[in-house]
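Heads up: the protein sequence lines correspond to chains A and B, in order.
Using my numbering, the first residue of the first sequence is number 1, and each one after it goes up by one.
Using my numbering, the first residue of the second sequence is number 1, and each one after it goes up by one.
In case anyone wonders, no lab produced these hints; they're calculated from the structure.
Every residue, glycine too, gets a C-beta built ideally from N, C-alpha and C.
Warning: the hint list may mix true and false statements.
[Stated by the list, open to error] Ranges of calculated distance between the beta carbons of each label pair, as one might list FRET restraints:
hint	chain 1	residue 1	chain 2	residue 2	range
1	B	Glu172	A	Arg96	24 to 30 Å
2	B	Asn277	A	Val38	31 to 37 Å
3	A	Arg137	B	Glu81	43 to 49 Å
4	B	Pro120	A	Leu34	58 to 64 Å
5	A	Leu135	B	Asp201	20 to 26 Å
[Claimed, not checked] Calculated Cβ distances over 10 Å to all of chain B for the following chain A residues:
hint	residue
6	Arg7
7	Val21
8	Val31
9	Arg46
10	Ile109
11	Arg137
12	Val148
13	Ser179
14	Gln186
15	Gln195
16	Leu220
17	Pro223
18	Arg228
So the chains spell out like this:
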Amino acid sequence: MTDRPTRRELYERAQRRRSNVIAVISTVVVVGALIVLVPLTPGWDRVRQSFFDGDVFVDSFPRLLRAFWLDVKILLWSTPLILIVSLLIALARNTRSPALFPLRAFAVIYTDVFRGVPVILLVFLIGFGVPALGLSREWANPVIWGTVTLVLSYSAYTAEIIRSGIDGVHESQRAAARSLGMTSRQTMNSVILPQAFRRIGPPMMNTFVSLQKDVALVSLIGPVEILRQAGIDKAKFANFTPYVAASLIFLAITIPCTRLADHALAKQRRRTGATTIT
Amino acid sequence: MRRSPALRRIIPALAVGALVLAACGSDDDGGGEASDDSSAPAGTAAETGDVDCGATIEDGVLTIATGEPAFYPWVIDDEPETGEGFEAAVALAVAAEMGYEGDAVVWTRTTFDEAIQPGPKSFDMNLQQYSITPERAENIDFSLPYFTSNQAIVALEGSPAEGATTIADLKEVKFGAQAGTTSLDFINEVIQPTQDVFVYDDNVGAKAALEANQIDAAVFDLPTALFVSGVEIEGSSVVGQFPADAGGTTDQFGFVLELDSPLTSCVDQAITALTENGELEAITQEWLSDFTGAPVITAE
Chain A
1 MTDRPTRREL
11 YERAQRRRSN
21 VIAVISTVVV
31 VGALIVLVPL
41 TPGWDRVRQS
51 FFDGDVFVDS
61 FPRLLRAFWL
71 DVKILLWSTP
81 LILIVSLLIA
91 LARNTRSPAL
101 FPLRAFAVIY
111 TDVFRGVPVI
121 LLVFLIGFGV
131 PALGLSREWA
141 NPVIWGTVTL
151 VLSYSAYTAE
161 IIRSGIDGVH
171 ESQRAAARSL
181 GMTSRQTMNS
191 VILPQAFRRI
201 GPPMMNTFVS
211 LQKDVALVSL
221 IGPVEILRQA
231 GIDKAKFANF
241 TPYVAASLIF
251 LAITIPCTRL
261 ADHALAKQRR
271 RTGATTIT
Chain B
1 MRRSPALRRI
11 IPALAVGALV
21 LAACGSDDDG
31 GGEASDDSSA
41 PAGTAAETGD
51 VDCGATIEDG
61 VLTIATGEPA
71 FYPWVIDDEP
81 ETGEGFEAAV
91 ALAVAAEMGY
101 EGDAVVWTRT
111 TFDEAIQPGP
121 KSFDMNLQQY
131 SITPERAENI
141 DFSLPYFTSN
151 QAIVALEGSP
161 AEGATTIADL
171 KEVKFGAQAG
181 TTSLDFINEV
191 IQPTQDVFVY
201 DDNVGAKAAL
211 EANQIDAAVF
221 DLPTALFVSG
231 VEIEGSSVVG
241 QFPADAGGTT
251 DQFGFVLELD
261 SPLTSCVDQA
271 ITALTENGEL
281 EAITQEWLSD
291 FTGAPVITAE
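Just chain B, with the same shape it has in the complex (with noise of 0.2 Å):
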């Protein structure tokens, strides 16, 4: 915008040169955003030294998506706006260390693949329990991890999964969980059954397949695992869980951001802070101590 506006009236006129016009032309734009950006800082962004919190892709203000609809223990009755639930607390406190409160902070909804497609986002931060993995971290930004959680299994009463302590009582199981989730990835990689996993869009879909005898246990996030048991599949409970240091791995959930996206180590700082003065710990006791009993299954 800065540069001759004068002369991208008349670019139409050529359709190739414009193409190709425009091409370099939106790429001086990307860089003058940025910098426009950081040089006029929005009201409320906090002074955080060399930090840039100011890039939010509306001025001033700070969007925050999660999933639609949101889930129990992560947000409270589908209303993050509230506060209520693990991961809408953490939000708005992040949110709040980064400088923005209040009207300052507005929710939005994507599904998974919205947070990872090309091209503008329409968030500036999103969580709905995204694990950090290396390999999407080439094409999307993560913060650092706000919790960590273990692998954990739901079965129905009387499932050959009942009452294992080890991996190896696991072998033989018929397995299901939710696609695109690294609990899948650890069925598959560390207990390695010999049947087929079988894959669902979601947990109502791994809940009807355990009463429709298709599976004999499904594999979630410890706190996903315990709400599941308790709430959503009747006779169901958690059989175990899987500790990292029983041979496990463990989840790390973060924020996803546009890959490189300025506002990523501004997101890091404020998770640094809330890690050092106890507030996410605090958050952590409040909505998910109920979410951290289950027997212990070991590797040997």
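Chain A on its own, in the form it takes in the complex (with noise of 0.2 Å):
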């Protein structure tokens, strides 16, 4: 820490303060030229009154706002079992023993399989399919089902994530534990896993803001999700300006989650000590 700023650093906030005016110069630009082109086209009118009604906003607000709960819900539920069932089926996918080979074969067909077939298809055949088994009401459950199919499906994708991460790690980060005498769990535990984990930050956020627009799937098989509300909406009020909202909605929980892991990733690149080149 030094009381006056070196010249490197002078130079460097003038470098930041021009790079911040010409990207604010340039975005009003833009947003101007969009705000005032776009009512010029000739169906302005009728697309404004299709997509941006403040009635039908203010009707359906609420409702959408209600039925997103659900949604919030069955997020928080999926969100810890994916984490655990993918790590499982990654650590299953990098056994080394040859008897372990049936769980190798497992872990590799089960992601071919869950990412293979189309999420939509998953959850008709489990949801509708599982309970019609002969399941009791209570546990035949939708929501249930619903929530089972999202942790299997994003299961898979998440596991060849934490795979890509866990083949990230140099080799010799492996042999340089066992040679310090760690066991083969010790070393996955305490040096592969840390160091994967921190590499497969982005997208692993990426996977959950998919994820949390895939939650809308859910209502396929019967539950009212922010979605599907917006839909009744729509035929209700022959509109589409419910969609918008809800769009809005789910902007209010995906920016601030990707702005927050694009907080931690910089954090972490400054703490590795790599310099930004604008």
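Using the hints, build the complex out of the two chains.
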């Protein structure tokens, strides 16, 4: 910590200021052009009435917000379950003992099947199929089976991300840990996984945002969550504004999530000493 | 088009100017087209006083849209061209009344959303059991109703909905309905059950949910309910219908047209004529006579 900024720091500060000014000006020009030009198009009045109707927005917004609570609940249930299942699958795939071949085969088949089949089909198959085997009303609840479907499907994707993180840790790390006398479990837990998880932050965040939106697929088997409620209101008013309102609610969640992830990533980059080139 | 074609060719030179001029220009075109069409009437359009039946999207041809697929008993075998099925027959009768017959009638298919999206439409009129509601009418045009239906309940044998005679008997029932239908509004606003309603894209979803023991009963318009219970869902029956005079709400089906379509009054005139000369009633008898019988459930 020096009291007076160095010449280099002064120069960098000036550069930053200049970048900011340019960014602001270009943003104002682009946004301004959109605001001025779009309403001049011939169909604007019709589009505005169909997508941005204030009365429909106000009427549907509270119902959408209530329905969104179901999305949040499903998300909060499925996220930790996905992390657990996917970690187990990734670890299973990374085992090296010949005796555990069936486990590895299972992990490969699992990821192939659940990544390959469209989520929408899984939702129908598991959401309607499993309860039809003869479950009681309580256990036939589509919210349960919809959540199970999301966990099964997203665990396949997430397991592959974790596996890529594990594979990304150089083999010499493993060799070094083993040469220090660590068991292979200790090596995985305290050397490989911590480094792997640090690398997979952005793709994990990406998957999480994608999951937030795929929660809506649960509505196909009955439960009224936000997109279904938006669809109902759309049909009620013959107007698409409820979808715009639902999008805003989604954005209110996903944007802070991604900003938070960006922030964590930037912090990590600073810590590891990488400089930013503009 | 009528106005200064040369100017239009120069316009792209200036992006901003082009947008402004195009906005004004196409407004002129909009007005122009309407008057062009009415002054050059389609050869087949009937003489119907001052009502304009010629303003179709394609000159001399009336394009009618329905769902994909179109369901029994509204359209038989998903072939509306044959005029078989209630809505197919009504559409052809209305078209004939408007002056379009034979090759002058073309069928197309749309989803619900395509019918309500802003901008040019791919059809002149659209029928797929669209219920007329005042909220919807702010964004699309409805014709006069061509059919009035009661809501009805379909349930499997042994369902708690079985044997219900009043709406109060249905409070504890777990209901399902199709998204965006007036049946859903009916459950929420008239029956007001204690449990949340589950909602499906189509009656296939409702059927699967009944079989998966996720709902006790589903609500449809009566003809659909009778078809669903008779053909699609084994072991189910229509346990009740809700006539308007017994505290239910009735669903009125109308043609959907683009908002402020010049054709709407022409379609209305055709439906009025068909109602007055008894043809609409005859068509209803022919295609839906098997679709009216079910026990009645009353409000009290």
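Distal placement of valine 21 of chain A relative to chain B, Cβ over 10 Å: holds (25 Å)
Interface exclusion of arginine 7 of chain A relative to chain B, criterion Cβ beyond 10 Å: Since the minimum Cβ distance to chain B is about 45 Å, arginine 7 of chain A lies beyond 10 Å and the statement holds.
Given as non-interface: valine 31 of chain A, which should sit over 10 Å from chain B by C-beta: At roughly 15 Å from the nearest Cβ of chain B, valine 31 of chain A sits farther out than 10 Å, so the non-interface label holds.
Given as non-interface: glutamine 186 of chain A, partner chain B, CB spacing beyond 10 Å: holds (47 Å)
Nearest-CB test (10 Å) between chain B and arginine 137 of chain A: The assertion about arginine 137 of chain A is violated, with a minimum of 6 Å to chain B.
Given as non-interface: serine 179 of chain A, which should sit over 10 Å from chain B by C-beta: Holds, because the least Cβ-Cβ distance between serine 179 of chain A and chain B comes to about 56 Å, which exceeds 10 Å.
10 Å Cβ clearance of valine 148 of chain A from chain B: holds (14 Å)
Non-interface claim for arginine 46 of chain A, where every Cβ of chain B lies beyond 10 Å: violated (4 Å)
Minimum Cβ-Cβ distance from glutamine 195 of chain A to chain B exceeds 10 Å: holds (45 Å)
Outcome of range test on Cβ distance (leucine 135 of chain A, aspartate 201 of chain B; 20 to 26 Å): holds (23 Å)
Beta-carbon spacing of asparagine 277 of chain B to valine 38 of chain A - inside the hinted bounds 31 to 37 Å or not: violated (50 Å)
Beyond 10 Å from each Cβ of chain B, as asserted for isoleucine 109 of chain A: Non-interface label stands for isoleucine 109 of chain A: nearest chain B Cβ at 27 Å, farther than 10 Å.
Against the hints set out earlier in the document, violations occur for numbers 1, 2, 4, 9, 11, 16, 17 and 18.
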